[in-house]
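Enquirer: Using the hints, put the two standalone chains together into the complex.
Below are the chains, spelled out letter by letter.
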Amino acid sequence: MKLRFFLLAASLAALVSGSARAQVAYDQIVHSSRQPENWVTYGGDYSGSRYSQLQQVNTTNVSRLAPAWVFQTQLAGKFETTPLVINGIMYFTGPDDHGYALDARTGRAIWRYERNLPAKIPACCGRVNRGFAALGDLLFMATLDAHVVALDAKTGNLVWDVEAADYKLGYTFTVAPLAVKDKVIVGISGGEYGIRGFIDAYDAATGKRAWRFYTVPGPHEAGNETWAGDSWSRGGAPAWVTGTFDPNLNLIYWGTGNPAPSDDVSERAGDNLYSNSVVALDADTGKLKWHFQFTPADAHDWDATEVPVLVDLNLDGRARKLLAFANRNGFFYLLDRATGKFLLAKPYSRVTWASEVGPDGRPRLLPAAAESKDGTVVCPAAAGATNWMSPSFSTQTGLLYVSVREQCDLFVGIPQAFHPGHPYIGSVYFKPADERPWGALRALDPLTGQIKWEFKYVSAPWAGVLSTAGGLVFSGDMEGYFIAFDARLGKELWHFGTGAPVYTSPITYALDSKQYIVITSGGALFNFALVQ
Amino acid sequence: MADHRRRCPQPARIIVPLVALCAAIAVAGILPRRAASITEAQELKNPLAGNPEEIQEGAFLFRSNCALCHGLGARGGSRGPDLSRGVWNHGSSDADIFHTILSGIPGTLMPANDLTDLEAWEVVAYLRSLTRAPPIPIPGDRKAGEAIFQGDGNCWLCHMVNGKGGRVGPDLSSVGSRRSPDFLADKIRNPNKNLAPAQMEPQKEWPYDAEAVTVVTHDGKTVRGVLRNEDTFSIQIMDLQEDLHSYLKKDLRDVTHEGKSLMPPSDQEILSNVQLRDMVAYLDGLRGPTAEAKK
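Chain order of the listed sequences is R and X.
In this text, residue positions in the first sequence follow the working numbering: the first is 7, and each later residue adds one.
In this text, residue positions in the second sequence follow the working numbering: the first is 19, and each later residue adds one.
Hints are not guaranteed to be accurate.
[Said to hold, decoys possible] One-sided and incomplete, this derived list gives chain X residues near chain R with beta-carbon spacing under 10 Å:
#1 Glu137
#2 Asn212
#3 Glu229
Treat the hints as calculated values from the structure; they're not laboratory data.
Quick caveat: nothing in here was measured; it's all calculated off a predicted structure.
Glycine is no exception: its CB is placed at the ideal position from the N, C-alpha and C atoms.
Excised from the complex, chain X in its bound form (with noise of 0.2 Å):
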């Protein structure tokens, strides 16, 4: 059995109460329910890090809550980031992983997760185990990237980064902390694979990419744009000209979901393997102004 005593602050004055309280808590055995302070959080280490039977139940714990979003064997998904990489957008510590798990990253599809501090233990100790040390960097150039999301390839007309740019794509400022690479550069080979749900419900992501629909009015006015939202009895576009529009579906003539992203493919022909690779080098750069503030 792991220890899960907890470790105790060390002021002077008040470390009467303190260690009795402390002492309380070991011998009753019970490990603190969640850490009251970052201060507190960071002195936190993972007491089952590196042992094998707790990395398995943090694998199978994984498999269960966190895989539909960071894929199997943590590499990433169609909405979370890869978490074998070693690379950690809001901490790096046992203790910071521990919390975003337990707490959930607010603005993100990062949710709290009802674990116990055990089980949060040991999806942390998984994790660790896939981790390499140090953390490999990717492949490409990401001024080349750049240069071609901000010139040539017309990606800027859509997408805004760090507040410059189009509006009817996803903002992609901090796009390289919610997504893996190889999704990354999957996107812009297939830009129509796995298309969000254009609704926005309570438990939904805002669509992160939504598909183009084109309606036609009673009086024969046709309007073509991606899906901001749509329930059963209306529905709300955005057109090319970066204008909102609002329709009720019954003062609608026709409305067609096209089934694709409003983003064109790019084959090897318009962007060549080592252009992707660029381009997914400086997407995966983009980690919004809070990352490089910590760092």
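Only chain R is shown next, with the shape it has when bound in the complex (with noise of 0.2 Å):
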């Protein structure tokens, strides 16, 4: 008995000293290269490259890749989190924002949350979630009424909840936060209901808003006059995808997403600044250092909202700090990371709406994809040719990874009212008649453009992708593959049949000495390890 209260003492002393030790510190996601055990933040670092340094799971022995533990969630909808892994815990989201913390080893659930939201959200593409964001002992999570919650990472407690907008008005959050120093950065959704978009920054501890930075600027604002009238007031330009952080320049980088109405131009004449761009945020105030923008004018719904991939390249004989963004409107480009300066842009899918991008930085636009009364056919679709799912650069080939969907769309623009809380789109989509969309895995030099290999998938895919030292990249496709391939010549190398679609991107971390890959499909998160 007394050994058996000594046993608790000590275990008990062993907790408390371990709690006093922030889960993760910032520190840990600057050097999170250092940790290939662990995935701590969204992008796997804060370069947002999916790039890890294990290499137990390598080229020559994936073949004997094989499940070591499957965790149903029992939901339906897409499941597009990405779990962060940190010291042996897994956590993640699922649809209508649950939230999980799982033994990393077992799959057993540790605990589990779940948001009590509203029945009705106006939410365009799902109810979904994309993950957490961890720093220290909290957990982030932006949800779909428009909130930001913190969780105790131990508890799954509640510890602070702030309203960020209202969800009612077409407000809502689908994006997995980014913690970057004390603060934690979040990006809206609802480009759909003709919202006013905003990155937004909250203090970690406390949830009080420490900056907004308004993705349409307001009247008297530089940029303002891009917009016709008061077209910027309902002008959408929402930030729903997490983006990347540069830790020496101190700029947050993140994707914009389409003017509303998506794809009728009518009443908002202009660029529509800063609508379809990068923008470069000083990560402490908020304030704009600099922005690039893709697509002007859109009227295709070309969101850029994909992932800004940060690479330090040499080019022309320099070491450059630069910025890979293989964009939805077909177009892969390359900027200077530090000053936005326009480098290269090439297309990387097929492309029907410009000719080329100018040394300017902006599209020659073809007159075959001008609106027309009948509707036209655009390549790349609305969906583009490739989207929110994260691209990968493996440091080792210096290759960044895509998933590439060929696709076009018939557009029919349909002018429509603007009513708040209600779709304002204006404008149909048809897949045109004997169009055949597939899909592909590219793999692109960031330096030129130039399209290295290519596996082909008989669909368009929504999955992500992975690249890590062992040689390999792994994604997944539409009829439930979830694919390993040889990172310099693109060979499949081994699949594995998860039975649903793949709606997101891979991550891997190591416990006891074994690396571990893990995907989420249909309501399941499958776990990969070798097969002794």
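Expert: Take a look at the structure:
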């Protein structure tokens, strides 16, 4: 009895001393590549590379990859999360703002969080959530009813809950937050509802809003003149995909979405800044340092809500801080991320709307893509050549891996009146007759935009990409396959049928000297490791 | 503002608490989220009927939510029936249409729609504004159409109707409730237009008409048929003898998607415009055994 008490006291003491240090310090996220056993932030690191130094699973043994365990959420809806793994615990979100902590060794649940959401939320594209951010002992979730909440990582208990905007007006969150220094950064969704987009920072400890950057400038602000009349006030430009961060430049990079209404330009003549752009914001103040707009005056719903991947490479003999961006409009872009200077753009999919991007960074429009009464077939489709699914940049191969959708749409413009909280789109899309959409995983050289290899899928994918020091690339397709490729050659080395479309990006972590690779599909989280 | 008050059920003995409840709901201005039962739904009438502003709202909602399958102006599309004819396959009352919009029709491509009750009523108001009453019957002689289908047309070789016919083409037992007459006529003349993708996914339909495909195995065997499913690594085919085949693509020397249907096109020399009209009348009348029972 005494001994048991002693052991209990000792283990309690251990728990207390364990809790004294924060689970994830800011420095740990900055140097996440030194701790490949954890996956501490949405993109794996602040650069959004989704590249892991783990190499236990490699090109020679990946054929022995098999499920280690599967966790069933038993939830319906698209499972679009990126799990975090911190010191042996896995944290992830599910549809309808569910949250979970699992023992990453066994898949046993430690706690579960479920938000009491309103039954009807104007959310265009599913009641999805794309994951937690972690900082200290807290996890952060941005919710469908446009709140930001902090949970205790050890219990799932609610620590704070702040409202960012009114969901009834079409403001929602689906984004995985980004924890930077002592702040939590989120971007709003709702480009289909005529919102005014913004990127917010909240104090991680208290939930107090630290700054807000409106992606549509108000009257008397620079850029407001790019909107006709009062169209800016319902201009959209949401910011619904997690951005990236350069600690040395102290800049946050965030993609912005379509101007509203997404396909009817008649009432919003002008470039519509800062829609369909990447914005570089001061991490402390939210002040705009520079912006680059990919698709001015967009009429095809081509949100620039793809991940701005930060790459450090030699260009013309000089070490450069670059930003690689495979855009929904079909062009791959390379920018100088210190200044926003445009360096190159090259199509990486079928593009029929622009002949090229000029030296000024603006697309040269083709007349065949202009709006017409009976509709116009344009490639890429409204869903884009790629979309929010994360690409991956391997420092081992120097290649950027992108999931590509080869698809066109017949766009038929239908002007639509604005009513707050109601869809404000101004168009319908149809699959053109005889059009056969397909897809591919493509490896791009970020310095030239050249396609080094591709692997074809029978349909257009929604899965993101992971690359590893094991010489591997992982992604998935709409028919439910989770697939491993040779990162240099693009050869398929292994696949597993998960039984439902893959709607997110894989991650990897290590525990007990064993590398695990994780993907979600359907309502399940699949975890793979090598069979001994 | 339209009257959104809920109709209260009338049974005498529980009338007091119910009246109180209904009064509370009415005071709070809450529109019922969804009719709880068929009986209750049958009592519902569109509170927005005939209001021009609400019809306009419904038109916008229809275009962004429904036109993809039912076509612009609700005149039918490649995946859904014409809703402008006043012919309703799943109940013709306001309440039936309201229900169909919000709950979908299991076993068809019609999904449950994430609209508020108010928005659903707006769509109902819009659809009613299109409808000419009484329904206009489509021209053509159904009996003559059936004779072609079951006789010289040889349609039955590939298509099943009410349990009789072939398996290579889609079952047409309820095609009249799923596709518009214009779509059916176009499909007979141009079967290769707008083929459905073959892959089956949770969010896609089982292919209603799939393209012809020919595969060649490494040992030189050729199999031609229609796609039943396909993914990145494998393919499933039904051949012309109605046998199912499954292959891993790595075991095949060649896979050719023919880009066309196995159904032969019928121009005016094969099928006159009068015969086409008869065929469409026959197919339009195929509304499945359940539709017959409902009448």
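Enquirer: Now, for every hint given, state plainly whether the structure supports it.
Expert: Right, here's what the structure says about each hint:
For glutamate 137 of chain X, the interface hint holds, since its Cβ comes within 10 Å of a Cβ in chain R; the closest pair sits about 8 Å apart. A distance limit of 10 Å between C-beta atoms decides the matter here; for asparagine 212 of chain X the minimum to chain R is near 4 Å, and the interface restraint holds. Taking 10 Å as the C-beta cut-off, the interface hint given for glutamate 229 of chain X holds, the closest approach to chain R being about 9 Å.
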